[in-house]
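Chain by chain, the residues run as shown.
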Amino acid sequence: MTALDLSADRPARKHSLALSIGLALVGLNVAVAILTLFWTPYDPLNASGGRLEAPSLLHWVGTDRLGRDYLTQIMIGARTALIVGTGAVAIGASIGVTLGILAAFATRLLDDVMAATLDILIAFPTLLLAMLVVAASDSASLWSAILALGLAISAIVARLTRILAKRVLRQDYIIASRTSGTSWPGVVVRHVLPNIWPTLSVNFALQFGLAVIAEASLSYLGLGAPPPNASWGRLLQEAQGTVYTAPVGAIAPGIALVALVIGMNLLADGLRDVGDPTRGRSR
Amino acid sequence: MSALLSVQGLTVSTGGKTLVSDLSFSIGAGERMGLIGESGSGKSMTAMAVTGLLPGNISVSGSIILDCQEVVGADDRHLNRLRGVATAVVFQEPLTALDPLMKIGKQIAEPVRRRLAREQGRAMRLAVDREVLDLLDKVALPQPERIANAYPHEVSGGQRQRVAIAMALACRPKLLIADEPTTALDVTTQAEILRLLDGLVRETGMALLFISHDLPVVAQVVERVMVLRDGIALEEGAVADVFGNPSHDYTQTLVDAARVFDEALGRTGS
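Respectively, the protein sequence lines represent chains A and B.
Using full-length UniProt numbering, the first residue of the first sequence is number 1, and each one after it goes up by one.
Using full-length UniProt numbering, the first residue of the second sequence is number 1, and each one after it goes up by one.
Note that these hints are calculated values from the structure, not bench results.
In this text the structure is predicted, and so the values were computed from the model without any measurement.
Accuracy of the hints is not assured; some may be wrong.
Reference excerpt, derived from the structure (chain A facing chain B, CB under 7 Å, subset only) [claimed, not checked]:
(1) L169
(2) Q171
(3) D172
(4) Q240
(5) G241
Calculated pairs, DSSO-like style, for lysine-lysine (alpha carbon to alpha carbon, straight line, at most 30 Å) [as the list claims (entries may be wrong)]:
(6) B:K138 to B:K106
(7) A:K166 to B:K17
(8) B:K174 to B:K138
(9) B:K106 to A:K166
(10) B:K174 to B:K106
For every residue, glycine included, the Cβ atom is placed at its ideal position computed from N, Cα and C.
Using the sequences plus the hints, can you model the full thing?
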C-alpha cells in the first residue's frame, strides 16, 4: 500500500527576480543585525577615531562628531529597525487578525460599529498616534514606539482581514465544510486563514517597511529609541548639523533605510506570487 | 420506523418575503426523492434549512426532524454533531465547493478523520490516507494518488464534482443532499455523474434528496418527486405518476417543455 503524503510541500516554484532581490536585501539586514549581537567593528558608545573623519580603510563610513564609528552605529541601527518592524507587525497582526475575524462573524450592528471605529483609527495619523503613546509613557523607549506602531498597524490589518474573511466565508466550500460537520473555529483555521494568508502576508511585509520608516521618523524627532540604542532616524538627525562638512553621515543611514524598505516591498511582491498555487496557470 | 427526514409545515422567509411556505414531506431510510422546480422556487432553501445552515437573517418556522432530532431552532454545536453524520451535501458548482488552496486529498481527509475518530475513538494517519484513496477510487477517479496530491484547479470540472461527491461520501451520511449536482457540467459528464451517484446511493443504501430543475435528470435517479413553485408544493408522488399523468398545469408545462426539447434533440439526430 502506498502511504500518501498529504502534507508534502508544494513543488518549488520559479522565484521571481523581485523575490530574489528582496530576500537578498532583507537577508543582508538580518545577517548584519545578528552579527552585531556578537561583534561590531568598534565600540558603538566610545570614540575610536578623530571627529568627523572621512571614510577610510579603518572607518569605512567615517566617524561622527564624537569620533564614534559610523558603520558600527548603522549596523546596530539595522538591529533596531528589524526589532521595530518585527515587533510592530507581530502586535499589529495578532490584534488585527483576531479583530478582523471577529468582525467578519459579528452581527450586522456590531460589524458596522467595528468597521466605523477602524476607519476612524486608520484616518488618525500614525505618527501622531505614536507620538501620543510615547509621550504618555514615562520615558521615550523603543518598546513604546513598537507598541504605538503595532496598534496603528492592527487597525489596517483588522480592516483588511475583515473584508477578506467575509469574502471567503461566502464561498461554497465553507458551506460544504460546514455540512460535513466542521465547527466555526475549525473553518477559520482550515479554510479562512489559509485563504486570506497570501494577501495578508503581502500586507504584513508592506506594513513592516512602513513601521521601519515610522520608527526612523520618531527617532528623528527624538521620540524613538533613546540614545544608547543606535537608530537610523537618530543618526540622520545627528548628521543633520554636519551634512555639508560630512555628508556621508547622512547618506549612509539613509541608504540603509531605503534598502531595507525596498527589500521588504520586493519581498512582499514576490511572496504574493509564491503564496498562491493557482498563480502562474494560464488564464 | 419513523422517517429519516420529516419536514412539517416548513416556512422560510426573509425581510417579509416568503421563500418557502408550509412545505411538508418525508424521506425514509434509503429512499430517493427529487425536488423539482425552476430557479427561485425554494428548492435550495429547503435543502439548506434541512442542514440548518441558512444565514441568520432568514427565519425558519415549522419542524424538520432529521434522524430523530429537531433541526429548527437547534443550536450550532448540536447541529454540528448531526451534520456529516446524518447528512452531507453535494453542491452545484464543483469549483467553488472545493477550497482552492488545499490539496484534494487533504480536503477529503478531514471528514474521514472526524468519522474514524467518532467510530473508533482515534484516527490513524495511515487509515485515513487509505480511506481517502479508497473514496477517490470509489468515485471512479483515475490515479487516486495523483488526484489526492493535486489542487482543485489542476483537475477537470467533472473530476472536481467526483471529488465533491467523495467528500460527501467520506461522512457516510444517512441522507445525501444533491443540490443541482450536474447543472454546471456538460451533458456527457452529467450522465456519468448521475450513473455514479445512482450506483453509490444503491450500493451504500443511503437516502437521497435530489434537487434539480431538469426533469429527465430527476426521473433517472429518484423514485418519488415533489414539484415546487414559488415556495409552494404543487404535487408529489411517484416519478411515473407525476410525470406520466400530471395533475397540475405547471407540472404539465414542465413535462411538455422537456418533451419538446427531447424531440428537438431527436430531430437534429444527436
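Each hint tested on the structure:
1. Contact between L169 (chain A) and chain B, as hinted, is not supported at the beta carbon level, the nearest pair being about 10 Å apart and thus beyond 7 Å.
2. Against a cut-off of 7 Å between C-beta atoms, the interface hint on Q171 (chain A) holds, since the closest Cβ of chain B lies about 6 Å away.
3. Because the beta carbon of D172 (chain A) sits about 4 Å from the nearest beta carbon in chain B, less than 7 Å, this interface hint is met.
4. Violation of the interface hint for Q240 (chain A) is found here, the shortest Cβ-Cβ separation to chain B being roughly 49 Å, above the 7 Å cut-off.
5. Because the beta carbon of G241 (chain A) sits about 53 Å from the nearest beta carbon in chain B, more than 7 Å, this interface hint is broken.
6. Between K138 (chain B) and K106 (chain B), the direct Cα distance comes to roughly 17 Å. Compliance with the 30 Å bound is thereby established for this hinted pair.
7. Simply put, K166 (chain A) and K17 (chain B) have alpha-carbon atoms about 25 Å apart, close enough for the 30 Å limit, and the pair holds.
8. Straight-line distance between C-alpha atoms of K174 (chain B) and K138 (chain B) comes to about 18 Å, which keeps the hinted pair within the 30 Å bound.
9. This hinted pair checks out: K106 (chain B) and K166 (chain A) have alpha carbons roughly 23 Å apart, not beyond 30 Å.
10. Simply put, K174 (chain B) and K106 (chain B) have alpha-carbon atoms about 23 Å apart, close enough for the 30 Å limit, and the pair holds.
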